[in-house]
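Starting from the structure of chain A, add chain B where the hints point.
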Amino acid sequence: MNKFSKYFYTTCVYIFLYLPIAIVIVFSFNNAKHSLVWQGFTFKWYASLFHDSALLNIAWHSLVLGIIAASIATIIGTLTAVALFRYRFFGKKILHALIFILILTPEIVMAISLLLLYSFLKIPLGFWTLLLAHTALCVPFVTVTVYSRITTLDTAIFEAAMDLGATDFTIFHKIIIPLLLPAIASGWLLSFTLSLDDVIISYFVSGPDFNILPLKIYSMVRLGVKPEVNALCTLMLIFTLFAVITSYQSIFKKKTP
Amino acid sequence: MKLFYQIITATLISLTSHLIYGDSNILNIYNWGNYLPDEVIRQFTKETGIKINLAEYDNNETMFSKLKAMKKSGYDIVVPSSYYVERMSKQGMLHLLDKSKLTNLHYINPLLLNRSFDPENLYSVPYLWGSTGIIINTRYINKKKIKSWQNFWDHQYQNQLMLLNDMRDAFSVALLSLGYSINDSNPEHIKKAYLKLRQLLPNIKIFNIDAVPNIYIDEDAVIGMAWSGDYKLALEENPSLAYIYPKEGFSTWLESFVILKDALHVDNAHKFINFMLRPEIAKIVSLSIGHSTANKAAVKLMPVEFQRSHVDNPDKTIMQRGEIQRDLDTDTRRLYEKYWEKLKIGD
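If you read the protein sequences in the order shown, they are chains A and B. Read in order, the letters of the first sequence correspond to residues 2 to 258 in my numbering. Read in order, the letters of the second sequence correspond to residues 32 to 378 in my numbering.
The shape of chain B in the complex, shown without the other chains:
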C-alpha cells in the first residue's frame, strides 16, 4: 500500500507540468487524424524550439462542436474544410491573418486562393486539397464506359455502388447529374435531387465514409465515389483501380489552416503556417498523406509520376470544372438534413 501511494505521488508531481498551457513556447494544433507527419512536427520544433501539442478529430462537425462547447478551447490552429472556414468566420471564431508574417504565401496555387468561402483569404491558408470523383475497378468495369455521375443510375450496377456516407457529398452526385450546383439552395432542386437519389438506392451496396480505401482494395464495391486522396491510398494496394472526373463537374475539397480568435499563441501559429508553406515541407506532407498539396512550388519538387498524374496534379481545365463546397444557411441545411434522413430510412 505504501509503495502504491509513493507511485501515485511521484506520477502526480511529474504531471503537474501539464497544468500550464499558456506557456509561450507552445503551439496547440487541432487537426484531422493522421494529417500532420511526425517528421514535420519534429523539424519545426528543432528549428524554432516551439513544442507542438497535437489533438485530432475525425470530422468537421466534431471539431466545430468541441470548439463551440468551450469559450476558451486552448487550441491555436485548426484545419477545417472550406465550408467550415466560411461558417467559423461568419461566427467570428477566427483570427485575421497577418500576411506580413506569411512570407511564403506566394507559393500557393493561385487557383486555390480567393475562393468564394474566404474571398480574400483573410482567415485561411490552403493546406491540402483534392476532388470527389468516381472510382472504378477496371477488372470488372470498362473505363471507357464511365464518363459521368449519370452512369451510377445504370441498371447493370445494381447493388454494386458505394456512396460516401456524407450528406453534402451524396447530394452533390444527384445535384450535379441534374445540372445544378453542389451548393444549390433552391428547395425545388433539393427535392428533385432527393428523388433522384431515391432512384439510385437499388444500385447502392453501401453508404460508407470510414476507411474508404479498403472497400475498393478488397473489391467490396467495384464502382462508387471517393475522395482523390483515398483513391491514391487504395491504388497502392490494388493497381486495377481508376479515377474519373465526371463530365458534369465534381466537388473540390480544400482543407485550410486557420487561427482561432481566442488563440494564446498567435505568433507561433503564424510561424507554423509559414513553415508549412515552404515547398520542401509541403512536399513531405503531400507525399506522406497522399492528398494534393496546395503549394505550387512543391509540385515542381515532386516525382515526375506525381506531376503527370491527373489525380495528384490536375491541370487548369480540370480544376476549373470543380466546385468548392460552401456553407449553407440554416434553413437550407435543415431541408437537406430532412431529405437525407428520409433517404436513409428508405422513405
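The following block holds chain A by itself, in its conformation from the complex:
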C-alpha cells in the first residue's frame, strides 16, 4: 500500500507537470485551425510552419538572443560567484544581498526601470536593449546556481594549488572552472530558458526591428494562436530535450563516477 501510494503520488506530480506540454504536442497534429476538440491527424501545420518564413525568422531571433544573453550572463555570473567565494572586497555583503534582491524583484519592476533608463539615456529600443535586459535578468540566477555549488568545494584544494605555485588565474582556469562545469552548464540552460520565454521585460524593452517569439505568441492570443505555433513549440521542446540530454551525458555523468 505504501509503495502504491508512493507511485500514485509521483504519477500525479508528473501528470501535473507534463500534461499541458503533452496537450500542445497532441494539438500540433490536430486537423483544425481553432477547435480544441480532436478532429483528426495531420502534418499540415508542420508543413505550413516551414513555409512561414516570418514565424521562423522570429523563432531564430529568440534563439540567437537566448544563446548570447545566456552566454554573457553565464560569464558574468560565474565570475561574480567566484569573486564572492574567494575574495574579500569592499561591499561584498551588500553585493551578495543585492543579487538575491534581483531574483526576488518582480519582473515588471525591472522592466519599467530598464525602460526608464533607456529612455533617459536615449538608447533606441531594439536588439541591444533586449540583450542587455535579458542578460541582467539572467546574471543573478547564474550567480546563485554557481555559488551554491562553489560553497561545497574544499578550500584546501586552492591552498594546495597555491602552495605548489599556482597563480590565481591558473587556479581559476585549471581547478575552479572544471569543478564548476555542471553548475555553469545548469546556469546557462536556466538563463537560456529565462530569455526564451520572457514576455514582461521583453515587451517593454523590445523595439520595432527585432521581434521575438514570446511576444509574437502573446500578440496572437486575442485573434487566435495559429496551430503552427503548436508545431513550433513541439519542435522547440524536442530541441530542449536534446540539449538537456546531451549536456547531462557529457558533463554531469563525467562528474559522478
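These are computed hints drawn from the structure, not numbers from a lab. Warning: the hint list may mix true and false statements.
[Unchecked claim] Listed next, the in silico EDC-like pairs over lysine to aspartate or glutamate satisfying Cα-Cα at most 20 Å (straight line):
1. A:Lys45 - B:Glu267
2. A:Lys123 - B:Asp293
3. B:Lys82 - A:Asp53
4. A:Lys34 - B:Asp298
5. A:Lys45 - B:Glu268
6. B:Lys222 - B:Glu372
7. B:Lys82 - B:Asp293
8. A:Lys45 - B:Asp293
9. B:Lys97 - A:Glu160
10. B:Lys77 - A:Asp53
11. A:Lys34 - B:Asp89
[Unchecked claim] Cβ-to-Cβ under 7 Å is the rule here; a few derived chain A residues that face chain B:
12. Ala33
13. His35
14. Leu37
15. Ala55
16. Ser114
17. Leu115
18. Leu116
19. Ser120
20. Asn212
21. Pro215
22. Arg223
23. Leu224
24. Gly225
Where a beta carbon is used, it is the ideal one built from N, C-alpha and C, also for glycine.
Structure of chain B alone, referenced to chain A:
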C-alpha cells in the same frame, strides 16, 4: 571555450546591422497580432524595396501604453481602433496625413469615412472593420427566437452565455438593450446598465476575449456575443453557427492606419498606406484575415458568397444601425471601470 567566444563574436558582428533603424529604406509597423498577411508584406517590399519591420500587440491598451512609455518609440504606423484614434489624436500623438500621397483613398467605403472619432479623416485611414453582434448555435437555439440583446436575459439561457471580457463591449449590451448609446456618459444611465448587467450574471457562463472562435466551435457556449470576424472564423469549423444583428443596434468597430507624430519614415508610411488601399491588396487582406474590408472596390472583387453575406458585406440599412465606439472622458471611463470591477467580483 575558444570556440564559444568565436561564436559569440561572430554573432554579435552579424547583428550590429540592427543597431541603425533610422535607415531610410525601412518601415516600422506596430499592428495587431496576425493582422497583416505575409504575402502582402513581401509584395510591398518587392515593389518598393522598403523593408518592413513588424511588431505586434494584442490590445489597444498594450499598444498605447508602450507608445506612451517611450518618447521616441521608433514605430511609424500603428493600427488602433476607432476610440484610440480619437484619444491619440487628442493627445497630439498622430501625424497629419498628406492626402495628396494617398491617391487610392477614394476606394474606401464612404460610410466608414468622416466618422465622429476622426471627423475629416485627418489622421486615420480605415483598414478592417466589423460589428459586435449575437452568435448562436442553431442546433440548440432557434434562430427565429433571437432578435435582440434583450434575449440574453431569458431564463432558459441560464449558464449558457458568453460575454466578451471587454468593459466597453460588455456594457454596450446593457446600454443598447436599455435604449442608450454605447458611448453614453450619463452616470445615471451607466449605473442602470451596471444593474442590468448584474441581472445577467446567472446566465453568463464565461467572460472571455482570447481565442473566441474555439468557444463557439467546440460548443462551450451556444449563445453569446462575438465580433463578426471571429464568427467567420468559427463558421469555417462549425457550420451550425449563425450571426444576428440585434434590433436595438450594435457597435461597429473599425481599425485604421495612423502615422505617429515621431515617425522617422513618414514618406514610406504614406506609400504603404496607399499600397494597402489598392483594391486587390485589400481583397487579399480581407480574405486572409476574415474581417470585412473598408475598401469598397475590393468588395466587388470578392467571391459572390462574400458579397451576398450580411456579415461580410452588410447593406446600408444594417450599417446605419451600427454605432462606432468613441473615446470617453477620464471621469466617465473611471465610472465604467468602477462598475466593471464591481460586476466582476459579483458585488
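Verification of the hints:
1. Annotation: proposed proximity of lysine 45 (chain A) to glutamate 267 (chain B) holds, straight-line Cα distance about 17 Å (limit 20 Å).
2. With a CA separation close to 14 Å, the supplied pair lysine 123 (chain A) and aspartate 293 (chain B) stays within the 20 Å bound.
3. A threshold of 20 Å between alpha carbons decides the hint, and for lysine 82 (chain B) with aspartate 53 (chain A) the separation of about 17 Å falls inside it, so the pair holds.
4. Proximity of lysine 34 (chain A) to aspartate 298 (chain B) is assessed by CA-CA distance (about 38 Å); at most 20 Å being required, the pair is judged violated.
5. At most 20 Å may separate the alpha-carbon atoms for a hinted pair to count; lysine 45 (chain A) and glutamate 268 (chain B) meet this at roughly 16 Å.
6. With a C-alpha separation of about 13 Å, the suggested pairing of lysine 222 (chain B) with glutamate 372 (chain B) holds against the 20 Å cut-off.
7. Simply put, lysine 82 (chain B) and aspartate 293 (chain B) have alpha-carbon atoms about 19 Å apart, close enough for the 20 Å limit, and the pair holds.
8. Between lysine 45 (chain A) and aspartate 293 (chain B) the CA atoms are separated by roughly 42 Å; this puts the pair beyond 20 Å, and the hint is violated.
9. Straight-line distance between C-alpha atoms of lysine 97 (chain B) and glutamate 160 (chain A) comes to about 54 Å, which puts the hinted pair past the 20 Å bound.
10. For a cut-off of 20 Å, the pair hint linking lysine 77 (chain B) to aspartate 53 (chain A) stands: about 17 Å separates their Cα positions.
11. A distance of roughly 19 Å separates the Cα atoms of lysine 34 (chain A) and aspartate 89 (chain B); the hinted pair therefore holds under the 20 Å criterion.
12. Among the interface hints, the one on alanine 33 (chain A) holds; its C-beta lies about 6 Å from the nearest C-beta in chain B, closer than the 7 Å criterion.
13. Below 7 Å, beta-carbon pairs count as interface contacts, and histidine 35 (chain A) has one with chain B at about 4 Å; its hint therefore holds.
14. Taking 7 Å as the C-beta contact cut-off toward chain B, the hint placing leucine 37 (chain A) at the interface holds, the least distance being around 5 Å.
15. Of the supplied interface hints, the one on alanine 55 (chain A) holds, with its beta-carbon coming within about 5 Å of a beta-carbon of chain B, less than 7 Å.
16. A cut of 7 Å between beta carbons decides the hint on serine 114 (chain A): the least distance to chain B is about 12 Å, and the hint is violated.
17. Interface restraint check: leucine 115 (chain A) against chain B, minimum CB-CB distance 11 Å, threshold 7 Å, status violated.
18. With a least beta-carbon distance of about 6 Å to chain B, the hint placing leucine 116 (chain A) at the interface is held under the 7 Å criterion.
19. The beta carbon of serine 120 (chain A) is positioned within 7 Å of a beta carbon in chain B (closest approach about 6 Å), and the interface hint is therefore held.
20. A least Cβ separation of about 5 Å between asparagine 212 (chain A) and chain B falls short of the 7 Å threshold, and the interface hint therefore holds.
21. Nearest Cβ of chain B to the Cβ of proline 215 (chain A): about 12 Å, over the 7 Å cut. The hint is violated.
22. At about 4 Å, the closest approach between the beta carbon of arginine 223 (chain A) and any beta carbon in chain B falls short of 7 Å, and the interface hint on this residue holds.
23. For leucine 224 (chain A), the suggested interface contact is upheld, since its CB lies about 5 Å from the closest CB of chain B, less than 7 Å.
24. Proximity of glycine 225 (chain A) to chain B holds as hinted, the smallest CB-CB distance being about 5 Å (cut-off 7 Å).
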